[in-house]
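Enquirer: Once you've looked at the hints, dock chain B against the given chain A.
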Amino acid sequence: MRVLIVEDEPNLGRQLRSTLEGAGYAIDLATDGEDGHYLGSTESYDAVILDLGLPEVDGLTVLDRWRKEGRKMPVLVLTARDSWSDKVAGLDAGADDYLAKPFQTEELIARLRALIRRSSGNASSELIAGDIRLDTRSGKVTKAGEPVKLTAQEYKLLSYLMHHKGKVVSRTELIEHIYDQDFDRDSNTIEVFVTRIRKKLGADVITTIRGLGYSLEEQVS
Amino acid sequence: MNEQAAPVTAADERPKSRAKGHRIGSLTRRMIGVAALWIVALLLIGGFALDRVLTRSIVDSFDNQLAFVLNSMIASSEIDPQGEVRFNRPPADQRFVEPYSGLYFQISGSGAETFASRSLWDRRLRVSEAHGDVKPHLYDSDEFSSHDQAEPLRIAERDAILPGSSVRWRFQVAQSRETIDDQIRRLRSTLIWSFSALGVGLLVLAALQTFYGLWPLRRVRDEVAAIRSGDKTRITDEFPTEIQPLTEEINQLLAHAEAQAEEARRHAGNLAHALKTPLTVITNAATARTPDLADTVCREALVMRRQVDHHLARARAIGRRAAAQSRSTVWESLEAVQRAVDRLHEGVTVDIAGNHQAQVRVERQDLDEMLGNLVENAAKYGGGRVFVTVEPGKQMVDILIEDDGPGIPEERRGELFKRGARLDTTGKPGTGLGLAIVRDVAEIYGGSIHLEESEDLGGLLARLSLPAG
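Line order of the protein sequences matches chains A and B. Counting from 0, one number per residue, gives the positions in the first sequence under numbering that gives the first Met the number 0. Counting from 0, one number per residue, gives the positions in the second sequence under numbering that gives the first Met the number 0.
Some hints could be false.
[Claimed, not checked] Straight-line C-alpha distance at most 30 Å; calculated DSSO-like pairs for lysine-lysine:
1. K199(A) <-> K393(B)
2. K393(B) <-> K148(A)
3. K275(B) <-> K393(B)
[To be verified] The following residues of chain B were derived to be distant from chain A, with all beta-carbon distances above 12 Å:
4. A91
5. S118
6. S175
7. T178
8. T348
9. V349
10. A352
11. G353
12. R363
13. Q364
14. L366
15. P391
16. D403
17. E409
18. S464
Keep in mind that the hints were calculated from the coordinates and are not lab data. Just so it is clear, the structure is predicted and the values come from calculations on it, not from any experiment. C-beta atoms are modelled at their ideal positions from N, C-alpha and C, and glycine is treated no differently.
Pulled out of the complex, with its shape left as it was, chain A reads as follows (with noise of 0.2 Å):
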């Protein structure tokens, strides 16, 4: 994996240097913006950790030309400005982490691993059972375009269930794809969860399918 890493304190861009490629990094490093805006649109990196405040040309600057050219890397930036304010325009300049000084390396090696791995990317797709849609990339659920307030456990039930529209799915099976292994499996939750969803989305959402398990069927709106 190749690492850019654009930072003008000798001692911090050093440091990074040196920790990094301890953790198997190759790494470029650039001392100024207009050095690492050369870099980063020239060279192919699987990653860039960009401080935002740089001699010549200032990081968000250096940021939103990549962007302009279609460099598509994803972006980690550092910075001492740690405010939501400066997060949230770091993130829309489209950076793609954001880490405030001082940090802990452990952490920076952390959110460099998550960015990479995040960066190979997954297709979007929306699951839709009558007025209701679930987007599997975001986690978003929409009942008549307005958000709907679910657990985690309750969403992963929900989006199982709209994976396999309109097939009896057994109380098992969904045990098994909702919980890890050491889960207690004679307990009730499933029913809970079943009665919380018809709760929020509405009672004809989720059929029981009496002895066999449930089903959610295609509604008609």
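Expert: What follows is chain B alone, placed relative to chain A:
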């Protein structure tokens, strides 16, 4: 003419002050200018009216005299045996005899020799056919004026038929206008001088009145200057009722600024104090070369960072609140935070519902700060789903941030607001400052934050109430 001089200067000054840009200009100059305009206007109208009335009366009395002479001339005329006109007593005025004296008469009739005063000498008055009746006519004439000498005449004339003759005689008495023109000129000059003096006097009075009226403002300026130079701390003098509220406001502003400065000093002191403890710990550990020096430095550095972050957030919020009473739309801020949290926290879904238009009286950056901290907390410690609802009320807008995490038992919720408090032991990154900052900033703006249990999601519900804008 003085009356006209004033408006000309006033008109000259206006473009000058306008050319200097958007300056409002001097209040004194403005008030005196307005006074000058109406003084000049009223004096001009009054002067012209008076001039007309007085001139008219001078001319009338002159005309009466001429008419009297004309009538007495007709009364003393008779026809002599030759059929010519003659006077049965000579006219009393010596000026009829003196050549070119300025007072003349002439009696003319068709077919008869014209009988004229000796003063006319070789000249004759023009006999116009325009006035052919027996009523006396009075008019001005320039018939004796030549190009190098003006002799304006006032003429009274009347036609009469005398007993013993069938001829229609035209009786004319003419007198030079010199005397009345002279009188009128003297009258006008008196009017101009007296009205000019009156105008100047009124202007001076208006200026004095303006200076006197605006004097308290100068005193306010002096008082404020005295406060700035340190001679005084407050405006203490008594001022007129129009100015008093201003000075009271200034005093309150001063008190407010002092309170803020005091608060800033206190905060700087608190921060310094808060940093000294970890610094002491580090110094002691380093001096003693303790084996866990590295751990001590990391731990104490984190403590110091919390303090710096906390005081920075507070200082920013106080500074911004003092700078402007701004309004922010909750929805816009939530969407920005949602975008950021979506990017920063993989596998977390943030949903926003409720009112899109609700506004709060909070500076946008501080609203971002509060919502960012609350939503990020919910994203970090919840089960992956965060639900935000905007509920506008009459005075306050409630923003509910719910998560589907394990929640926090009621008795431990208070601990979350302590600086550096972290109830989790998962080692997720953070300084443990989030809620403390949110509460501080919310209270600075007159809002509040409460922690409850989420009915729908089962986790924690943070209810942020902020004053509606």
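Enquirer: Give a verdict on every hint.
Expert: Results for each hint:
1. Taking the CA atoms of K199(A) and K393(B), the gap is near 28 Å; set against the 30 Å cutoff, the hint holds.
2. Distance hint between K393(B) and K148(A) is fulfilled; the C-alpha atoms sit about 25 Å from each other, no more than 30 Å.
3. For the given pair, K275(B) sits about 46 Å from K393(B) by alpha-carbon distance, which is inconsistent with the 30 Å threshold.
4. With a minimum CB-CB distance of about 110 Å to chain A, A91(B) clears the 12 Å threshold, and the non-interface call stands.
5. At roughly 106 Å, the least C-beta separation between S118(B) and chain A is larger than 12 Å, which holds for a residue marked as non-interface.
6. The non-interface label for S175(B) is consistent with chain A: the shortest C-beta to C-beta separation is roughly 96 Å, beyond 12 Å.
7. For T178(B), the requirement that its beta carbon stay farther than 12 Å from each beta carbon of chain A is met, with the minimum near 93 Å.
8. Its beta-carbon lying about 3 Å from the closest one in chain A, T348(B) breaks the requirement of being farther than 12 Å from that chain.
9. Separation of V349(B) from chain A is inadequate, the least Cβ-Cβ distance of about 9 Å not exceeding the 12 Å criterion.
10. At the 12 Å boundary, the C-beta of A352(B) falls inside the reach of chain A, the nearest C-beta of that chain being 5 Å off.
11. Against chain A, the non-interface label of G353(B) is violated: not every CB pair exceeds 12 Å, the least being about 10 Å.
12. Once the 12 Å rule is applied to beta carbons, R363(B) is inconsistent with being away from chain A; the minimum gap is 7 Å.
13. The beta carbon of Q364(B) is not kept farther than 12 Å from every beta carbon of chain A, the shortest such distance being approximately 4 Å.
14. The claim that L366(B) is not at the interface with chain A is violated, since a C-beta of that chain comes within 12 Å of its own (minimum 9 Å).
15. Distance check for P391(B) against chain A: the nearest CB is about 17 Å away, which clears 12 Å, and the non-interface claim stands.
16. Not every CB of chain A lies more than 12 Å from the CB of D403(B), the least distance being 3 Å, so the non-interface label is violated.
17. Residue placement check: E409(B) keeps its beta carbon more than 12 Å from all beta carbons of chain A (closest about 20 Å).
18. Remark: the non-interface label on S464(B) is consistent with the geometry, its nearest Cβ contact in chain A lying 19 Å away (cut-off 12 Å).
Hint compliance for this structure: hints 3, 8, 9, 10, 11, 12, 13, 14 and 16 are not met, and every other hint is.
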